[in-house]
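Hey, can you work out the whole structure from these sequences and the hints?
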Amino acid sequence: MSSTGNSGRALPGTGRALPWALVTPALGWTLLFFVLPFVAMGFSSLTAHEGGGFTLSNYSQFFTNPSYWQAMVNSLEVTAIVTLLSVLLAYPFALILAEQVPERWQRLALMLAVLPFWTSYVVRSYSWLLVLAQNGVINRALTGSGLITEPLQLANTRLATVTGFVHFFVMLLTLTIFANLKQLSPSYRKAAADLGAGPVRTFLHVILPLTLPGIMVGAFLTFVLCIGDYITPQILGGNNELLMPQLVMMQIGRRGDFPLASALSIILMAVVTIAYLACARWLKIERA
Amino acid sequence: MRQVVRVVSWLYALAVYGFIFVPVVVLVLFSLQATSFPIPPFTGPSLRWYEAVLSDVRLTSALVNSLLVASISSATAVTLGFLSAWGFARFVLPGSGLLRGLITLPLTVSYLIIGMGLLVLFNWAGLPKSLLAAGIGHVVINLPLCFAIIYSQMGDHQINIERAARDLGAPEWKVLLLITVPVMAPAIFAGFFLSMTFSWDEFVISFLLTRFDTTLPVEIWNLLRSGLNPKTNAVGSLVFAVSIVLVVLFELTLLRRRKT
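Residue numbers (the numbering used here), protein chains in the order written: chain A, 23 to 310; chain B, 7 to 266.
Please keep in mind that the hints were generated in silico from the structure rather than gathered at the bench. Glycine included, C-beta positions come from ideal geometry on N, C-alpha and C. It is possible that part of the hints are untrue.
Label pairs and their calculated CB-CB ranges [stated by the list, open to error]:
| no. | chain 1 | residue 1 | chain 2 | residue 2 | range |
| --- | --- | --- | --- | --- | --- |
| 1 | B | S67 | A | P173 | 36 to 42 Å |
| 2 | B | L17 | A | G64 | 29 to 35 Å |
| 3 | A | S82 | B | R64 | 40 to 46 Å |
| 4 | B | D173 | A | D216 | 51 to 57 Å |
| 5 | B | F43 | A | N261 | 48 to 54 Å |
| 6 | B | F43 | A | M133 | 48 to 54 Å |
| 7 | A | L53 | B | S61 | 41 to 47 Å |
| 8 | B | D162 | A | E99 | 38 to 44 Å |
| 9 | A | E72 | B | Y18 | 56 to 62 Å |
| 10 | B | L111 | A | L78 | 25 to 31 Å |
| 11 | A | G75 | B | A21 | 57 to 63 Å |
| 12 | A | L110 | B | R64 | 50 to 56 Å |
| 13 | A | A292 | B | R231 | 31 to 37 Å |
And the structure:
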């Protein structure tokens, strides 16, 4: 029963019913409820909302209607700001957890750092609303202490959306970067010290380059999750400035315009795919 | 110099901890508010909003719906994921790499787009919005996860134990139930647990695919329309507490496993 398969131990599967019986349910589910919906969405995006004939107008609208185009620009801007800020905040934090906190407390310190991860996503955004609202915690504290007389407009702004996002992704990135730092062998550090490098040079020339692939993976994950998220911009950003997911949901909610919503979803996915292809070079380093 | 770095590090870490905890502290504190607005000054402590949540039939039935959808969809995802992982790990199948890629593909697509696709498909097929539809969507997002976790844990060591059983004359179904499932139990458990937490917290697919009977995140979303409300704080704090208990249980079972 030996075979020339991948591990050298796997059994030949061709001509036998059992292996196909095992993999077919999962494949069938994926085809039926993931691939087929995609095909349906593709067809839908090419039909007219009124009448149902073939049309490319759902796609051309995106390029000609400035407000749709603007939503994509907003999405890309917010996502870029969020990704950059989250990495910049999380990296030093993860470094401190990995190097300054005594070994026996690290697990606890890390668990605490990601504790709010376990609140419901919707609730987490709502909690920021409590902090940032017109009569919320920050404004009450500032007016109460006499620093300002009129409350600041914090909620329903891009700043609020970014704050909510950064809060979530700092936790996520702290986890991934911390794991990355712990994987580094201590001998790198010793070697650098033996060769006469101080802590700053060791960090810049050894630690940082070695953790860069991990950072790229984390940043890419942030990009994908951030650009496709509807909850945070809707709760914290409001409708002053629309992001792509809000635009998509608006087509379904208010107007029942499935074809346009489908076309916008496909465009959004295309952008993520392009970002993936652009990052693929760095993402692969990790696997090697 | 060393001392300065240390002090700055601690201050920075404290600031980040502060940033991470501010919303949670505010959420839980004002869930105990005695008056009708969850804004300063704090007037509690009072449990009236927790009573309001527990006597709200919409919220409690949404909670039951969420638990049902999460457990059934996770059980389905983990079963399909396990069977296919076993099939791909044990047998040489033509196009195996491609097919495995297909199963993990949904991981790269955002929930909004998966939900949109299902909405268009079900709308076209004439299927009404329901908890079942949302559950189907949850299996789509969790199946690749379960598959990836279990497949990555199926090593040569497990194959050898299975071969021993087969050589001793056990039929395939006995190998599966008496050898593979117990040996793979940690990965199966991890897949199930992760699926539960993702399904429990999933919003956008449930929002698109359910109508009257819905899940807890969607019902909380509906509460948000009434603006800032201590009742939302209370239900949010309860969800948080349940999640923490689950996470601690998960950690404890993992630790115990590691020790024995």
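Results of checking the hints against the structure:
no.: 1; hint: B:S67 with A:P173: 36 to 42 Å; result: holds (38 Å)
no.: 2; hint: B:L17 with A:G64: 29 to 35 Å; result: violated (53 Å)
no.: 3; hint: A:S82 with B:R64: 40 to 46 Å; result: holds (43 Å)
no.: 4; hint: B:D173 with A:D216: 51 to 57 Å; result: holds (53 Å)
no.: 5; hint: B:F43 with A:N261: 48 to 54 Å; result: violated (23 Å)
no.: 6; hint: B:F43 with A:M133: 48 to 54 Å; result: violated (33 Å)
no.: 7; hint: A:L53 with B:S61: 41 to 47 Å; result: holds (45 Å)
no.: 8; hint: B:D162 with A:E99: 38 to 44 Å; result: violated (49 Å)
no.: 9; hint: A:E72 with B:Y18: 56 to 62 Å; result: holds (57 Å)
no.: 10; hint: B:L111 with A:L78: 25 to 31 Å; result: holds (27 Å)
no.: 11; hint: A:G75 with B:A21: 57 to 63 Å; result: holds (58 Å)
no.: 12; hint: A:L110 with B:R64: 50 to 56 Å; result: violated (42 Å)
no.: 13; hint: A:A292 with B:R231: 31 to 37 Å; result: holds (33 Å)
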